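Starting from the two chains in their separate frames, assemble the complex, guided by the hints.
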Amino acid sequence: MMEFLLAFLGSFAGAILFNIERKNLIWAGICGGISWIVFKIIYIQTDRVVFSTFVAAVACGIYSEAMARRCKTPAFVFSIPGIYPLVPGITAYTTVRAIVDGRLVFAANKGLETIGTAGAIAFGVMLASTVFKFVYKVNEKYKNKPRFTS
Amino acid sequence: MNAKEVMEIASFAGEILLSSGAEIFRVEDTITRICNSYGVECECFVMPTGFSTTVRNKNGEVYTTVKRIKNRSVDLHRVEMVNTFSRGLMEERASYKEAMDKLNSIKNMPYFSYRVQLVSAGFVALGFTKLFGGSFVDAFLAFLISMFIFYVKDFIQQYGFFQFLEFFISGLIVGLFSVIIGKLFANVSIDKVIIGAIMTLVPGVAITNGIKDALYGDFISSFARLIEATFIAIAIGLGVGVALILQISWV
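Line by line, the protein sequences give chains A and B. Residue 141 in the numbering used here sits at position 141 of the first sequence; the count goes up by one each step and never skips. Residue 144 in the numbering used here sits at position 144 of the second sequence; the count goes up by one each step and never skips.
So here's chain B without its partners, still in its complex pose (with noise of 0.2 Å):
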């Protein structure tokens, strides 16, 4: 197998698990150990928005590669199959197109299916809301508006938007309904409602991953990330705040 075919698989296997949300440090050695499995010398840098890969093979031929990652999302399972792969690549070698056909097995798996997963956001929101001290009616709100803001921000991703007019619409559809029902039905707590149906929301993936990337030295990955978090909790936060003072003023 010549160097070309062997960056080309690193930097796909590369861009599934930077895709998925997995650390800097994970994409980096799962590269190097895929290059190196093949005996093929390799360079790469990875931020969280795209990497580049230099592979060098013996007879000193240079191959660069630059991918851009546009779509990041959280995968665990995807991220735990690829690590799996790469380290099968150090027994035993593949061949090109069977690591291509593996690879691409794993890019397109779906796992839950898309029922499964609307309806366990709901559980999310269900049991925060009644952990926090709501009542039974408000989880089963809670329920409901989870359920549909994980609905329409798949809805709205699917047009690919920037990623805060998600967060912003998602955290504004919670204020709006909790403070719509809020004024429906008086024994409803509408800050339960809220705090349970905005747990979906919440940025802990990026908060936790951009600790862990500068505990191991990735700096500039783990800023951007905790900026990522940050204005994803903005975003959220400037929804609901937007939600709750219509309802001040409609009063």
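Isolated chain A (complex conformation) (with noise of 0.2 Å):
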């Protein structure tokens, strides 16, 4: 819960930075604090780090697509501060690290994972939108066709 909060705290102050309109960054901040916590649970189940910032950007993904159903916006408004907690910081860092000290081969090592964590992210939070668009767009035209009754 901890952590839900200062999730949290950092996609709020962050969605002040980009310039949300008010109502809409209580929103955007939990959407923050869903992704962290989607990715620390299948992060601690599974241990692999890409796979879980990809499975919490779908998460954030999805509700942001939601939120702007309801809210009447358009969907990056969420799911831009929303991947604040998933950002590659600490592997970013580590590879800068790596590199100063001269252990290459580990910068290597990290720089890959960085790459691939940002990737994901990107990945995630698309594909649940397109999903999302998809199925809404069928949905639509399966109302709209008349329909037959035997």
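Just so you know, the hints here were simulated from the structure itself, not pulled from any lab data. Computed from a predicted structure; not experimentally measured. Even for Gly, the Cβ is constructed at its ideal location relative to N, Cα and C. Honestly, I wouldn't trust all of these hints.
Claimed, not checked - Quick partial rundown of chain A residues pointing at chain B, CB under 8 Å, derived from the structure: (1) Ile16; (2) Glu21; (3) Thr130; (4) Phe134; (5) Val135.
Spelled out as structure tokens, the structure:
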């Protein structure tokens, strides 16, 4: 719970930096909290950083699409602050540290992990939003189609 | 309203969108939507560094404009407002003056004051330092450093140097301060302070938008944004790295 609040605080303050409308700030913060909690749970279970980041990003994307429908705003208002806790700050820093110390193999290792995590975040969010849009469109089409009942 | 005025409105809206960090497909969509709502044909080609629009009215007159975008920042509220504005035009056409006034007010709209932004930059660092396992002292130090680099970054931005210098200097300052603090107080872990303090600099929006552009088929823009993000990351890393090297040779 403490971690949820901290991630919430980080995303909330980050959302202020991105100039988001006041009434949406709190939802953006909750999005950050959710993605961190999902990341933490999956990470404890599987011990794979990139995979857990991907799942967390998908969760973040689903949440922000759902909120976007509710609040009638574009989804990126929630998803961009929401991915803040997932950004691979630690691995990126470890990479730089390893390069400075001259441990190049370790640096390459960590660097790849950084790139993988960054890609996983972006693809996770996009995947969720594309699937959401697809389902929405199919649903819409289905509703408008005249139904034949026998 | 003639085609030239429609073009001016559309390209102004596009300029605001692109300089506030909107995706390419959104900019193209908005320009086309504005032109169509006034009944003018339009083609546009948008890239992250600028765009060109051509409109043609019913008499076959053609106007073209090219806009170069130099300053790019992230301001999601502005994107949202322009989006709503262009959708509103579909239902009710505004006159040239009304539309330009509306866009001007969107462009000059201050939302959060500078002080609030400064403090929230600090809180980003505070939250993440604590989240990544730092102590309260670490979090407080990151809070101060983050506020300071927000100020410095803004200061450099006003003089309009090239973008990567800002990030390099910010990274350098974060590194130097953390190293000095690590020297003065023994029980501070400088790793956690640095990680928290650089959170406000990371190019999250550029990466996400880069991938988004690729998914919508704008490969050139996607590549440009990913390159931008990579270089920002390298600039920050270089700054922090220089400070760490100084620390090592200093001991």
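Going down the list of hints, with the structure as the test:
no. : hint   : result
1   : Ile16  : holds (4 Å)
2   : Glu21  : holds (5 Å)
3   : Thr130 : holds (7 Å)
4   : Phe134 : violated (12 Å)
5   : Val135 : violated (17 Å)
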